[in-house]
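Q: Each chain, written out:
2 protein chains.
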Amino acid sequence: MQKYRLFAPGPTPVSEAASLAMAQPIIHHRTKEFEKVLEEVRAGLKWLFQTKNEVLIFASSGTGAMEGTIINTLSKGDKALVIDGGKFGERWWKICKAYGIETEIIKVEWGKAVDPQEVEKKLKSGDFRALLVQASESSTGVYHPIEALAKIVERHPKTLLVVDAISALGAIDLPMDRWKIDVLISGSQKAMALPPGLAFAAVSEKGWGFIEKSDLPKFYFDFKKEKKALETNQSAYTPAINLIIGLQEVLKTMKAEGIPAIFERHARLARATREGMKGAGLKLFAESPSNALTAVCAPEGIDGQKVYKTLQEKYNMTIAGGQDGAKGKIFRVAHLGYFDDLDVVTSVAAVEWALADLGYKGELGRGVAAAMRELRK
Amino acid sequence: MQKYRLFAPGPTPVSEAASLAMAQPIIHHRTKEFEKVLEEVRAGLKWLFQTKNEVLIFASSGTGAMEGTIINTLSKGDKALVIDGGKFGERWWKICKAYGIETEIIKVEWGKAVDPQEVEKKLKSGDFRALLVQASESSTGVYHPIEALAKIVERHPKTLLVVDAISALGAIDLPMDRWKIDVLISGSQKAMALPPGLAFAAVSEKGWGFIEKSDLPKFYFDFKKEKKALETNQSAYTPAINLIIGLQEVLKTMKAEGIPAIFERHARLARATREGMKGAGLKLFAESPSNALTAVCAPEGIDGQKVYKTLQEKYNMTIAGGQDGAKGKIFRVAHLGYFDDLDVVTSVAAVEWALADLGYKGELGRGVAAAMRELRK
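Residue numbers (our numbering), protein chains in the order written: chain B, 1 to 377; chain W, 1 to 377.
Hints should not be assumed to be uniformly reliable.
The list cannot tell twin chains apart, which means a pair is met if one copy fits it or any two copies do.
Straight line, CA to CA, 30 Å or less: simulated DSSO-like cross-link-like pairs of lysine-lysine [said to hold, decoys possible]:
no. : residue 1 : residue 2
1   : K228      : K97
2   : K227      : K306
3   : K225      : K46
4   : K3        : K36
5   : K180      : K79
6   : K94       : K79
7   : K36       : K46
8   : K76       : K213
9   : K79       : K225
10  : K36       : K329
11  : K79       : K213
12  : K206      : K94
13  : K224      : K94
14  : K36       : K306
15  : K36       : K327
16  : K79       : K224
17  : K227      : K327
18  : K327      : K32
19  : K79       : K97
20  : K151      : K309
21  : K87       : K278
22  : K309      : K227
23  : K32       : K158
24  : K227      : K3
25  : K314      : K32
26  : K94       : K76
27  : K36       : K314
28  : K87       : K36
For the record, the hints were derived by calculation from the structure and aren't laboratory data.
All chains, please: the whole structure from these sequences, using the hints.
A: Given below as structure tokens:
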């Protein structure tokens with residue numbers, strides 16, 4: 001017997017409480033009962049996004065909310081500045097391209113975070129309607145310096161700061177209103193510990209001003225229509241009812257834990273995973289590591305994809321391999337959402353075993369011991 | 001104690017087997033295990049859609065697949081012919097409008113089906129790239145004559161027949177390949193007896209030819225990208241994993257029942273509901289009634305919305321009221337998906353009680369008796 005363990009940066013394990021809530025008989029969305037659910041969920045999402053703004057909910061993957069942001073905030077002829085330091089940074093300019101939005105791209109070497117000064121220089125050099133960035137770039141495990149970027153964009157009233165926090169929200173502190181983030185995006189299958197199928201977007205007052213003027217075509221992802229419906233606890237189209245009921249449950253758990261504790265836990269799990277990997281003699285890939293996941297360099301002579309495959313096939317554990325240029329060079333372990341200290345012990349232990357299986361000459365247990373010491377601090 | 005009963009035309013009751021399957025620990029979508037799920041689901045969907053074409057799966061509500069169809073098959077300057085006999089017919093031209101697609105609208109009186117001869121005349125009069133229609137128009141309970149329309153469109157090689165079968169697929173026989181339907185759309189929360197959150201679109205070879213030439217902007221609902229991924233049992237973006245696992249379970253049940261039996265059951269439940277309502281002295285709203293739901297005229301002097309509200313508040317049963325111009329005039333009872341004979345008995349009985357509560361002078365039980373006789377045939 002070998003239990004299935006999920007340590008990928010999304011989907012992440014679904015909490016049992018949420019699973020049970022979602023398995024209850026479905027209710028109709030145009031009922032007072034569901035309106036109450038939505039009312040509670042709206043308040044909970046504002047709390048989690050640390051904003052007074054409405055958090056829009058879509059039945060889609062996170063990419064839907066990324067596309068929705070572009071087509072609702074921008075207009076024909078607009079130009080956007082994109083920070084591309086990985087697969088998800090790439091996605092920003094690909095969406096822009098699909099809608100004829102001109103982009104300038106700040107290409108960041110995979111594993112590195114963007115330099116805010118470079119962003120500042122670029123922003124001054126052109127007329128950009130939006131700066132598009134990831135908080136946690138899942139393909140590289142990098143955290144981009146959102147607070148510093150927010151301070152820069154604040155000086156550009158004609159530019160929106162759009163933050164894809166799909167894998168960051170609820171794991172890393174991103175106080176939307178305090179930092180003045182204009183659009184903050186997330187998805188259900190990351191720190192919220194739900195199955196995939198919900199995407200979220202919160203928009204600042206400044207952002208809603210842009211939306212009023214936007215002339216790009218849209219229908220399903222129409223932010224204005226969705227906001228109007230949500231304000232009376234409705235949705236423009238049939239919502240993903242059972243996921244929203246699961247979300248209601250998850251938000252209760254998160255509130256009980258509290259925002260500082262949630263971020264401290266993710267920071268602790270991240271530190272322990274990093275110490276564990278270093279203890280096992282491995283190098284970390286991200287210079288500015290995200291607390292949502294840890295990208296680890298495969299040791300000399302060992303294919304990172306084989307680490308991933310061995311964990312999958314021999315230990316029934318799903319982590320993530322590398323993508324594109326990082327394929328074979330790294331593997332990625334998440335500690336995101338419904339995760340606790342002993343989960344880190346299991347992931348580091350399994351990585352140590354898998355590496356040993358692949359001929360790595362490390363002393364078994366040194367990684368786990370390092371993680372344990374860190375968790376004990 | 002009063003159990004909750006859901007008789008709305010979507011969402012419909014979720015089968016217990018599907019709920020349990022979806023409540024199991026989530027698996028990652030980039031695993032062999034999930035690839036096997038997708039492989040089985042792809043084959044099952046082709047069977048259910050009665051087509052050799054790939055059935056695309058999106059994490060979205062049905063409207064997403066409607067929008068997806070417009071932006072993938074049409075191009076700038078194209079003109080579409082829309083059959084608008086209700087809320088969902090309206091949605092077709094609203095989507096077209098959002099993307100600058102010119103439309104001609106065949107306005108059909110609510111409660112009536114389109115006259116195929118009128119469609120034939122219109123199609124000859126202009127250069128239409130698509131005929132957009134609902135199989136079952138949920139706002140009126142009407143079934144439009146899809147087979148007759150298909151025969152007409154077959155003579156127009158430059159026109160696609162696009163059928164929104166969101167509430168019809170799996171309830172009403174719509175053999176895609178045999179009838180030559182070019183795009184057939186559905187959603188998870190209707191006859192498939194799943195929660196909302198999945199939308200489907202199958203496209204004919206002719207339709208794929210249109211897609212090759214389409215120049216409208218798209219990203220999340222990009223049919224070509226999704227098809228390419230699906231052919232290797234992948235998805236372009238994170239799929240709604242647990243809904244797809246529920247779908248795998250539902251397709252097993254549907255296959256065990258068999259296609260002819262599924263449609264016969266829906267036809268029988270629909271006939272019995274209609275006989276039940278008539279037996280209670282009520283008039284039916286739809287001249288060409290759909291087997292997915294029954295729209296009933298509120299009796300003289302009784303507000304249809306009050307029938308809906310009484311059922312909700314006093315009998316814990318959700319049906320649907322009327323929308324727009326039909327508000328107050330009708331109520332709608334579904335018999336769609338996970339429904340059997342005795343469900344019809346309960347819906348007719350509850351409607352009889354609710355009408356009596358509202359002062360209707362019918363003899364209690366006459367409707368139920370009529371439904372029972374029909375079900376016994």
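Q: Compare the structure with each hint and give your call.
A: Verification of the supplied hints:
Taking CA atoms no more than 30 Å apart as the test, K228 paired with K97 passes in both settings, with 29 Å inside one copy and 20 Å between copies. When the C-alpha separation of K227 and K306 is checked against a cutoff of 30 Å, the pair qualifies only between copies, where the shortest distance is 28 Å, while the shortest distance within a copy is 46 Å. Proximity of K225 to K46 under the C-alpha cut-off of 30 Å is restricted to the intra-copy arrangement: shortest distance 19 Å within a copy versus 34 Å between copies. In this homomeric assembly, K3 and K36 come within 30 Å of each other (Cα to Cα) only across copies, at 19 Å, whereas the closest approach inside a single copy is 37 Å.
Proximity of K180 and K79 under a CA criterion of 30 Å is satisfied intra-copy only: 21 Å inside one chain copy versus 44 Å between copies. Both within a single protomer and between protomers do K94 and K79 lie at most 30 Å apart by alpha-carbon distance, with minima of 13 Å and 28 Å respectively. In this assembly of identical chains, the alpha carbons of K36 and K46 lie at most 30 Å apart only when taken from the same copy (16 Å versus 39 Å across copies). For the identical chains of this complex, K76 and K213 are neighbours both inside a copy (10 Å) and across copies (22 Å), given an alpha-carbon limit of 30 Å.
With identical chains, the CA atoms of K79 and K225 are at most 30 Å apart both within one copy (25 Å) and between copies (26 Å). Proximity of K36 to K329 under the C-alpha cut-off of 30 Å is restricted to the inter-copy arrangement: shortest distance 28 Å between copies versus 49 Å within a copy. In this assembly of identical chains, K79 and K213 lie within 30 Å of each other by CA distance both inside one copy and across copies; the values are 15 Å within and 27 Å between. When the C-alpha separation of K206 and K94 is checked against a cutoff of 30 Å, the pair qualifies both within a copy, at 24 Å, and between copies, at 28 Å.
For the identical chains of this complex, K224 and K94 are neighbours both inside a copy (24 Å) and across copies (15 Å), given an alpha-carbon limit of 30 Å. In this assembly of identical chains, the alpha carbons of K36 and K306 lie at most 30 Å apart only when taken from different copies (21 Å versus 48 Å within one copy). For a Cα distance limit of 30 Å, the shortest separation of K36 from K327 across copies, 24 Å, qualifies, whereas the shortest one inside one copy, 46 Å, does not. In this assembly of identical chains, K79 and K224 lie within 30 Å of each other by CA distance both inside one copy and across copies; the values are 22 Å within and 27 Å between.
For the identical chains of this complex, K227 and K327 are inter-copy neighbours only, at 24 Å across copies versus 40 Å inside a copy, given an alpha-carbon limit of 30 Å. When the C-alpha separation of K327 and K32 is checked against a cutoff of 30 Å, the pair qualifies only between copies, where the shortest distance is 19 Å, while the shortest distance within a copy is 50 Å. In this assembly of identical chains, the alpha carbons of K79 and K97 lie at most 30 Å apart whether taken from the same copy (11 Å) or from different copies (25 Å). Neither within a single protomer nor between protomers do K151 and K309 lie at most 30 Å apart by alpha-carbon distance, with minima of 42 Å and 52 Å respectively.
Only within a single protomer do K87 and K278 lie at most 30 Å apart by alpha-carbon distance; the minimum there is 25 Å, versus 60 Å between protomers. In this assembly of identical chains, K309 and K227 lie within 30 Å of each other by CA distance solely across copies; the values are 26 Å between and 43 Å within a copy. For the identical chains of this complex, K32 and K158 are neighbours neither inside a copy (41 Å) nor across copies (47 Å), given an alpha-carbon limit of 30 Å. Taking identical chains as interchangeable, the C-alpha atoms of K227 and K3 are never at most 30 Å apart, the minima being 42 Å within one chain and 33 Å between chains.
For the homomeric pair K314 and K32, the shortest alpha-carbon distance between copies (13 Å) is at most 30 Å, but the shortest distance inside one copy (49 Å) is not. For the identical chains of this complex, K94 and K76 are neighbours both inside a copy (16 Å) and across copies (21 Å), given an alpha-carbon limit of 30 Å. Taking CA atoms no more than 30 Å apart as the test, K36 paired with K314 passes between copies only; the shortest distance there is 19 Å, against 46 Å inside one copy. Within a single copy, K87 and K36 get their C-alpha atoms only as close as 38 Å, which misses the 30 Å cut-off; across copies the closest is 26 Å, which meets it.
The structure is inconsistent with the numbered hints 20, 23, 24, although it conforms to all the rest.
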